[in-house]
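Colleague: Throw the hints in and build the complete structure from the sequences for me.
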Amino acid sequence: MSTATDSTTSPPDKNSLTVLRDFSDRLSPIVVKELRQGLRQPSFVILFLFLQSVLAMAVITSLFAVSSASLSERVQTGNVISGFFFGLFALSVLIIQPLRGLNALSSEIKQKTIDLLLLTKLSAWRIVFGKWLCLNTQSALLLVAILPYLMMRYFLGGMNILSELGGILAMFLVSGVFCAAGVGLSAVRSIILRTIFAILGVIALITMLQGSVFLFAFSRGPFISGSVSTLMSGSDWTLIITGSVLLAIYLTISFLEFGATRIAPPSENRSTRKRLLALIALFVIPTLFALPEVDSFYMSFIAIVIITALALADALSENPQHVRPMGENSFWMLRPGWPSGALFGLMLLAANIFWLFVLFGLLDSSRGFDSNGQKVVAQLVGTGLLIVSQPALIIALFRPYSREPANLYLASLLGSVALGMVILMINSTMRGSGNLCDMFFPLFPSLGLGTLEDESFGKAFVMFLTAGIYLASAAILGYNRWKPVVVTKSPVTNPPA
Amino acid sequence: MNTGIRIQNLNRHFGRLKAVDDLSFEIPVGQVCGFIGANGAGKTTTMRILSTLDTPTSGIAEIGGVNVIQEPAKVRHRLGWMPDHFNVYPHMSVLEFMDFNARALGFEGKERQMRLQEVMEFTDLMTIAGQPASKLSKGQTQRLCLGRALIHDPDVLILDEPAAGLDPRARVEFKHLVRLLASEGKTLLISSHILSELGEMCNNLIFIHEGRLVHQGDANTLKRRSKKVIGMQYLVECVPGKQPIDQWCSVQPDVEMVEQLENGGRIRIKGDQAQDAAALLARLVQDGLAPMEFHHEQQNLEDAFIDMMRELDTPIPIPIQSGTPTPPLPTSK
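Protein sequences, first through last, are from chains A and B. Per the working numbering, residue 1 is the first one in the first sequence, and the count goes up by one each step. Per the working numbering, residue 498 is the first one in the second sequence, and the count goes up by one each step.
Worth flagging that the hints you see were computed from the coordinates, not collected in a lab. The C-beta atom is built at its ideal place from N, Cα and C for all residues, glycine as well. Wrong hints could be hidden among the right ones.
[As the list claims (entries may be wrong)] From the structure, some residues in chain A lie toward chain B, with a derived Cβ separation under 10 Å:
no. : residue
1   : SER106
2   : GLU108
3   : LYS110
4   : THR113
5   : ASP115
6   : LEU116
7   : THR120
8   : PRO265
9   : GLU268
10  : ARG270
11  : PHE398
12  : TYR401
13  : ARG403
14  : LEU465
15  : THR466
[What the hints assert, rightly or not] Per the computed footprint, the stretches of chain B lying under chain A, defined by three or more beta-carbons under 8 Å from a beta-carbon of chain A, are:
no. : region
16  : 511 to 520
17  : 548 to 561
18  : 698 to 711
19  : 751 to 757
Modeller: This is the structure in structure tokens:
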């Protein structure tokens, strides 16, 4: 290749290129890029320096304070410092890092650099995964930075290394899921929606912090305290931990796939694999929670609702530009696009009904799951399905040609839930409560939550039926309005090497 | 004849909107082809389909004989794409940016080092290798974008508005780079609103309107379609005391006044024959009007573009970007 300018005019020292050896070739290019950028970003540098300075201050202050204290006082101070360390670390990896992830893909989309990335050998998945990995690497760097302070705390006594390491691992796992949610949602182009979801996420997290899920992270005795240790015994322990880890992995993959699908070029079919994965997860994970002879079966229902909701929300908000004729190449409900997503939703609906029958059969009243419990669970699952199915019909009716259905889907979802909540509040102040909920729950599915105490299988049946009607209507409208793409194959030629 | 780019009955519909409508054309290997059309004509959509960033509703699109829908990964290997809007990453130097792209394109170790050296020398990026990529001038950024597109040595280059916003010097440099690439046998498809430059750079021009092909050929065939009257144009300076130029014009057959100047004027004779020019020149001198300058007026691509838009019976868009000076008429003194 000849040069554009006369090379003799260039300064001699500029004629040879500096070799960049900052990162190994074995690392994914996107990780290299993200680390090069991420470690220089003010948000990370400030967070890092802030943590360092606060922790250093805390350790120095406590060391002075306990210099002449008794052993019990030192242990007590050590516990306070541990809580402080973990609190700060949790704030960093559970809130700040996922919030940073919310900008990961949107900045690439906004600056149009995403097209250039997709024209390299990087697939949409590798791009999204690389960004997520980089966030977690930075979280690990933060952890490494606080470890020396944790060692100092060891000298104060009363430290349970196993318990605290378990807490850190659990926090990392949860942080991985949250960061994946942040990165996945960052593909949603509307900054308003991203902000709303971020706020809702933080509120949900704070609520969860008070629950048992975060006992791992904040209690120093999840492995030793009474009730939890009873739960965590023998094969039950293995099944529940395996189920939880698999659920976390599935959620991480699903959130990342949500982002990858929205940035992938149309030629990249991401739908078939992730929809099959959702079906597998829907059968494996609830089974793991249902098997132990303890009260963990409730987690089966939670897992069913979470897996179904996430898979359905993703499938129903896929770009519809590339609707293929039914029966082409692969099973038609696994093809990309929301019209096929609605058909996939019908399959999930059937899977949910099947699961409920199986679990209701397995879990008799001897395990504390009576008929009333079954009715509540059936209504909860039905409400969940209805909430995530309804936006598909709104898209099919009002914006069938939208090229950004994810925005509309999420906005409809939020709007419907919010309005439902308002009606629920109004309903609770009215005499003869339940009327408004019964009348409007097909329009505002979150109203279903207000009628749980009615405890009726009939209501659950209506919810499943309504969700099925929504999904079937969306599929029919979608396939009618979107002209299928015709892939014209080139005549067989031997292109030059 | 080997084909660099082939499009056959290509359609791209967004709901009811037909962005590309039964478009067909071929560009032979090694040709530089200009892609012309008003805003919204379907240029970028076509280019995005060719770059595997979009898929057609129907039809065939091939790069180097490889179908973009059937084998997008192979196409990406053969294709260099330069988008109309190019942004670089913050907190990254030019070298780091190029290094990242080379990694992403599969180059490793010494091979990457050698390839980067070659491309950065070609695009004259060596002197700015350490500069932050986000602080480059527009011209430097375009060179960086071209360098990025060339890392994997593609056979076909698709450049969407590559000269937009460049200053005259950067534009000249860019044209030079395009000529060098063409001399190396690469096939280039360039869209631009600066039509005079396309005329200079391209062997072939493709004109699309509302997603349909309306003309394909070299610059001269496009100009010949224009109905604008062309002829010889003279700048004439009047000698004081002699008759004013406008009076002289009024009595001359086939001569028209184009512009009255302070000490003379600009006139045009209709006709395209050399003897007409010679006769007029003799008459001018004979009547005491001193001709200062004359040249053969040629149809330019902008005029041809506007005429074609009129032919298509649509409102005429302004094809030249704001702030871009109208290119001067080629003169032959």
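Colleague: Give a verdict on every hint.
Modeller: Taking the hints in turn, this is what the structure says about them:
1. SER106: violated, 13 Å
2. GLU108: holds, 9 Å
3. LYS110: Hint holds; A/LYS110 Cβ to chain B Cβ min 9 Å, cut 10 Å.
4. THR113: holds, 6 Å
5. ASP115: holds, 5 Å
6. LEU116: holds, 7 Å
7. THR120: holds, 4 Å
8. PRO265: With a minimum Cβ separation of about 5 Å from chain B (threshold 10 Å), the hint on A/PRO265 holds.
9. GLU268: holds, 8 Å
10. ARG270: violated, 14 Å
11. PHE398: violated, 13 Å
12. TYR401: holds, 3 Å
13. ARG403: The hint holds - A/ARG403 has a Cβ within 10 Å of chain B, the shortest such distance being about 7 Å.
14. LEU465: At 31 Å from the nearest chain B Cβ, A/LEU465 fails the 10 Å test, so the hint is violated.
15. THR466: Check failed: Cβ of A/THR466 comes no nearer than 28 Å to chain B, outside 10 Å.
16. 511 to 520: Result for this restraint: holds, n = 3.
17. 548 to 561: holds (count 12)
18. 698 to 711: Result for this restraint: violated, n = 0.
19. 751 to 757: violated (count 0)
Checked against the numbered hints listed earlier, the structure breaks hints 1, 10, 11, 14, 15, 18, 19; every other hint is satisfied.
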